[in-house]
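J.: Sequence:
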Amino acid sequence: MKTRFLGIAALALALVACDKPAGQQNDQTSSEQTKSYATLDLKNGVNVSHWLSQTGGRSHEDRAKMITKADFDSIAAMGFDFVRLPVDEEELYDEQMNRDSSAFELMHNAIKWTLENNMNIVVDLHIVRSHHFNNENGHPNTLFTDPAEQEKIVNIWKDLQKDLAQYPNDRLAYELMNEPVAPTHEAWNLLIEKMIKGIREKEAERTIIVGSNLWQIPQTFDSLRVPENDKYLMLSFHFYEPSLVTHHQAPWTDYKFYKGAVNYPGMQVTDSAALASLTTEELAKINSMNGEYNKDTMYVHMKKAIDKAESLGLHLYCGEFGAYPYFVDKEVRMRWYNDICDVFHEHDIANCHWCYKGDFPVVNQDGSANELPAIITGKK
Numbered sequence: 001m002k003t004r005f006l007g008i009a010a011l012a013l014a015l016v017a018c019d020k021p022a023g024q025q026n027d028q029t030s031s032e033q034t035k036s037y038a039t040l041d042l043k044n045g046v047n048v049s050h051w052l053s054q055t056g057g058r059s060h061e062d063r064a065k066m067i068t069k070a071d072f073d074s075i076a077a078m079g080f081d082f083v084r085l086p087v088d089e090e091e092l093y094d095e096q097m098n099r100d101s102s103a104f105e106l107m108h109n110a111i112k113w114t115l116e117n118n119m120n121i122v123v124d125l126h127i128v129r130s131h132h133f134n135n136e137n138g139h140p141n142t143l144f145t146d147p148a149e150q151e152k153i154v155n156i157w158k159d160l161q162k163d164l165a166q167y168p169n170d171r172l173a174y175e176l177m178n179e180p181v182a183p184t185h186e187a188w189n190l191l192i193e194k195m196i197k198g199i200r201e202k203e204a205e206r207t208i209i210v211g212s213n214l215w216q217i218p219q220t221f222d223s224l225r226v227p228e229n230d231k232y233l234m235l236s237f238h239f240y241e242p243s244l245v246t247h248h249q250a251p252w253t254d255y256k257f258y259k260g261a262v263n264y265p266g267m268q269v270t271d272s273a274a275l276a277s278l279t280t281e282e283l284a285k286i287n288s289m290n291g292e293y294n295k296d297t298m299y300v301h302m303k304k305a306i307d308k309a310e311s312l313g314l315h316l317y318c319g320e321f322g323a324y325p326y327f328v329d330k331e332v333r334m335r336w337y338n339d340i341c342d343v344f345h346e347h348d349i350a351n352c353h354w355c356y357k358g359d360f361p362v363v364n365q366d367g368s369a370n371e372l373p374a375i376i377t378g379k380k
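Sequence positions in the sequence shown follow this note's numbering and run 1 to 380.
Treat the hints with caution; some may be incorrect.
Derived lysine-lysine pairs resembling DSSO-like cross-links, with alpha carbons at most 30 Å apart [stated by the list, open to error]:
no., residue 1, residue 2
1, K256, K202
2, K330, K295
3, K43, K202
Calculated from the structure, these hints are not laboratory results.
Treat the numbers as computed from the prediction; the structure is a model and nothing was measured.
Generate coordinates for the entire structure from the input sequences, incorporating the hints supplied.
T.: Here you go:
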């Protein structure tokens with residue numbers, strides 16, 4: 001199912017600031033002494049996607065059957081300690097901001113089932129009518145040009161607070177918006193300020209999660225600005241590098257045409273026969289994204305996010321990561337998963353896999369856990 005467009009590897013590579021490799025000891029003594037954590041504790045989680053977000057026109061009845069309490073029981077049994085729940089404006093409200101009562105009921109069920117399983121939950125405002133992270137199907141993306149739409153997203157959070165504020169601060173967090181794509185970093189910073197100010201009118205100690213502009217890639221974290229002296233914040237980045245491996249032949253990408261082999265670690269694409277079959281334009285696209293990747297490379301590419309969180313004394317979490325499982329050699333995928341999860345665990349980065357049983361599942365067809373939960377939770 002179409003989820004995101006990630007033809008941004010060249011941008012990410014261009015923005016990388018080199019630093020020490022993952023295997024090198026990271027001296028965090030001074031930052032650990034001064035770090036003031038948000039009250040919510042997150043370690044290893046999973047996104048419950050395509051349920052209250054990106055449903056593809058699924059009926060209320062089908063939506064209710066798709067995810068049930070048994071799924072949350074299963075997620076907890078796999079060893080995950082939290083879930084991220086993406087929700088869309090179109091799923092929760094009509095165009096006049098009238099609530100869809102069935103969607104709100106499912107949202108409350110999800111929270112209840114999460115807490116009953118001794119897990120925590122992040123409610124993520126994934127897509128609003130004025131902004132789609134992938135500009136999907138010609139979505140207008142007027143959020144950053146229309147002041148009325150900015151006021152509306154603030155009001156959406158204020159309306160959600162009427163239901164969500166009842167839940168404990170140490171169990172539930174708000175994620176302002178998924179993968180902002182603003183025309184400038186400052187435009188996103190200003191909207192962050194407006195949304196947090198609106199939420200803080202009623203909840204001074206609720207954990208609020210914020211990512212950087214341009215799909216929350218870590219390379220833009222040095223331009224992220226959050227309110228000073230607000231220690232009930234958490235920073236979030238997303239990580240799908242190297243994308244030629246993690247999104248190999250994914251139908252929503254603009255590099256799905258490449259059908260040859262991909263590798264990890266090392267150079268992503270070395271299949272000379274497959275490369276020779278490409279057009280000049282296709283070859284240029286692959287070459288712009290191709291490169292050497294390993295565990296140390298991934299750490300370096302996360303470094304701006306790590307540094308920003310440490311400088312502000314805030315927790316950091318990777319709200320999305322994963323590899324499309326259908327066309328990549330399983331051993332290649334498992335090497336990537338082992339390395340990225342090692343980086344998370346070695347550097348105390350909370351993480352949330354995309355996703356539970358959607359397009360990047362952690363379950364088999366029968367609903368049983370596949371190999372991923374043990375790797376993600378460090379129980380491999």
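J.: Indicate, hint by hint, whether the structure satisfies it.
T.: Here is how each hint holds up against the structure:
no., hint, verdict
1, K256 to K202, "violated (46 Å)"
2, K330 to K295, "holds (18 Å)"
3, K43 to K202, "holds (27 Å)"
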